[in-house]
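Visitor: Going by our numbering, the first residue of the sequence shown is number 509, and it counts up by one from there.
If you're looking for bench data, these hints aren't it; they were derived computationally from the structure.
Where a beta carbon is used, it is the ideal one built from N, C-alpha and C, also for glycine.
Fair warning: there could be bad hints in the mix.
Stated by the list, open to error - 30 Å max Cα-Cα, derived BS3-like pairs, lysine-lysine:
{"id": "1", "residue 1": "Lys703", "residue 2": "Lys616"}
{"id": "2", "residue 1": "Lys595", "residue 2": "Lys738"}
{"id": "3", "residue 1": "Lys561", "residue 2": "Lys616"}
{"id": "4", "residue 1": "Lys570", "residue 2": "Lys811"}
{"id": "5", "residue 1": "Lys597", "residue 2": "Lys703"}
{"id": "6", "residue 1": "Lys761", "residue 2": "Lys729"}
{"id": "7", "residue 1": "Lys652", "residue 2": "Lys747"}
{"id": "8", "residue 1": "Lys672", "residue 2": "Lys597"}
{"id": "9", "residue 1": "Lys797", "residue 2": "Lys811"}
{"id": "10", "residue 1": "Lys761", "residue 2": "Lys552"}
{"id": "11", "residue 1": "Lys652", "residue 2": "Lys713"}
{"id": "12", "residue 1": "Lys533", "residue 2": "Lys552"}
{"id": "13", "residue 1": "Lys730", "residue 2": "Lys747"}
{"id": "14", "residue 1": "Lys797", "residue 2": "Lys597"}
{"id": "15", "residue 1": "Lys533", "residue 2": "Lys570"}
{"id": "16", "residue 1": "Lys552", "residue 2": "Lys713"}
{"id": "17", "residue 1": "Lys703", "residue 2": "Lys729"}
{"id": "18", "residue 1": "Lys570", "residue 2": "Lys552"}
Claimed, not checked - Pairwise CB distance ranges, derived in the manner of DEER restraints:
{"id": "19", "residue 1": "Thr534", "residue 2": "Thr722", "range": "27 to 37 Å"}
{"id": "20", "residue 1": "Glu791", "residue 2": "Gly754", "range": "39 to 49 Å"}
{"id": "21", "residue 1": "Thr648", "residue 2": "Pro762", "range": "44 to 54 Å"}
{"id": "22", "residue 1": "Lys671", "residue 2": "Gly754", "range": "17 to 27 Å"}
{"id": "23", "residue 1": "Lys652", "residue 2": "Pro762", "range": "17 to 27 Å"}
{"id": "24", "residue 1": "Thr764", "residue 2": "Ile649", "range": "20 to 30 Å"}
{"id": "25", "residue 1": "Arg617", "residue 2": "Gly783", "range": "23 to 33 Å"}
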Amino acid sequence: MKLHSSGPSAPLVMDSVVAVKIIDKTQLNPTSLQKLFREVRIMKVLNHPNIVKLFEVIETEKTLYLIMEYASGGEVFDYLVAHGRMKEKEARAKFRQIVSAVQYCHQKRIVHRDLKAENLLLDADMNIKIADFGFSNEFTIGSKLDTFCGSPPYAAPELFQGKKYDGPEVDVWSLGVILYTLVSGSLPFDGQNLKELRERVLRGKYRIPFYMSTDCENLLKKLLVLNPGKRGSLEQIMKDRWINVGHEEEELKPYTEPEPDFSDTKRIELMITMGFPKDEITEALVGQKYDEVMATYLLLGRKPPEAIAPSIPPAVSYTKRSQANSVEGEKKEEWDASRKLPSSSSKGDMAVSPLVAQERRKSSTASGNSAAGGMTRRNTYVCERSSTDRYSAIPNGKDSSLTEMSTSASGSSSVSPGASSALASTRPRHVKSMSASGHPTKSPLPPIEDNAEFKG
């Protein structure tokens, strides 16, 4: 959508394209709501050039809107389907950005837990933007996590075994799968069904294509290690030879987050001319409220290429599918490829939202912000994460005819007080058509050549 930002009495002075995620809170039970609140809380503390940036949080009685950075290049998954595998030089550039962003998360004691090609977006300059922190969680050294989550083809062996895990090591395994996928254009582990996929992951054997360099193969051996305790840490991976080929004088290092710049006088003066009172600007920035005021300040600081996106293609039709590509269960529950994810039936009492200040909550019947009225099929989709965690979303990434499935939900096309128009997004974020093993069925990544070498 295009976000037109102007003050109470000022003319339109800025026009930025952003992504909007719409969550229908009435479809979530208290547990799912708490997971949602955790996702937003985590997004608020992340500030990395290769992670999708959160600008604003708008909450009504029934709906939550997340205004985020728009990545016009679409998903890495679709890039690979359209263009095939990457040359190692290109894959290295992307993988360095991914490792930097994930290591930054781990440094902040945050684990993503759903890293995959579908959750890696590309901006207008083909830079990586990690998205979708719906399965993310905070971890403590020495304290184990026990929730199964993520996508089976990218899941670490310990998840299939039902073992508790520290957190970062499951991301490291997923990074190994991602690296293999970037360089080969296919998944290292796959099967006709989930049982077969599980067996292959637990064996830890995969084929090395003849064109893969020895350095790349050696890096994979540090990432795709069955014993989580022996997997390389991302600090170690940053020093790997393959990672730094061509960057010998600028070895990849942990990202140093700059101090927040909330005192840019040029932006503040411009906002005052737009009609924002100076005291409101100061209050919003100091308190990091993630409201319209803070969003305007952040957007004014974006570079032109990030503020201008290509025109959004026309809507396309999608076929409803009940099989989701990300699954979540409790400890000791085994993935069942034949089981259909049930819809949430227990809504429970509405949890008190910790996301925004009390004054930011708006009634769903408020003028100009009404959540009433059906959201059309072309701009809202149901994201099925588990039997109790479903919400609708306007997706990030560019529209593509490669998308193969979606389900619809009702919601609101109204986004924020400063939004004068909402362009319909036609691309669901979590709606890839998957086989039982999680491999795309209609537009699969190509298989490895027959003369590939088998390693394990």
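Visitor: Taking the hints in turn, state whether each one holds.
Guide: Going down the list of hints, with the structure as the test:
1. Lys703 x Lys616: violated (35 Å)
2. Lys595 x Lys738: holds (29 Å)
3. Lys561 x Lys616: Cα-Cα ~16 Å, so holds.
4. Lys570 x Lys811: Violated, at about 34 Å.
5. Lys597 x Lys703: violated (35 Å)
6. Lys761 x Lys729: Judged against 30 Å, a Cα distance of about 21 Å means the pair holds.
7. Lys652 x Lys747: holds (27 Å)
8. Lys672 x Lys597: violated (36 Å)
9. Lys797 x Lys811: holds (22 Å)
10. Lys761 x Lys552: Status holds; Cα separation ~23 Å.
11. Lys652 x Lys713: holds (27 Å)
12. Lys533 x Lys552: Within the cut-off at roughly 19 Å; holds.
13. Lys730 x Lys747: Cα-Cα ~12 Å, so holds.
14. Lys797 x Lys597: violated (41 Å)
15. Lys533 x Lys570: Holds, at about 5 Å.
16. Lys552 x Lys713: violated (39 Å)
17. Lys703 x Lys729: holds (24 Å)
18. Lys570 x Lys552: holds (21 Å)
19. Thr534 x Thr722: 27 to 37 Å: violated (55 Å)
20. Glu791 x Gly754: 39 to 49 Å: The hinted range 39 to 49 Å holds for Glu791 and Gly754, with Cβ atoms some 47 Å apart.
21. Thr648 x Pro762: 44 to 54 Å: Since Thr648 and Pro762 have Cβ atoms about 20 Å apart, the given range 44 to 54 Å is violated.
22. Lys671 x Gly754: 17 to 27 Å: Violated, since Lys671 and Gly754 (Cβ atoms, about 38 Å apart) do not stay within the stated range.
23. Lys652 x Pro762: 17 to 27 Å: Taking Cβ atoms as reference, Lys652 and Pro762 lie about 24 Å apart, which means the hint holds.
24. Thr764 x Ile649: 20 to 30 Å: This hint holds: roughly 21 Å between Cβ atoms.
25. Arg617 x Gly783: 23 to 33 Å: violated (40 Å)
Checked against the numbered hints above, the structure violates hints 1, 4, 5, 8, 14, 16, 19, 21, 22, 25; every other hint is satisfied.
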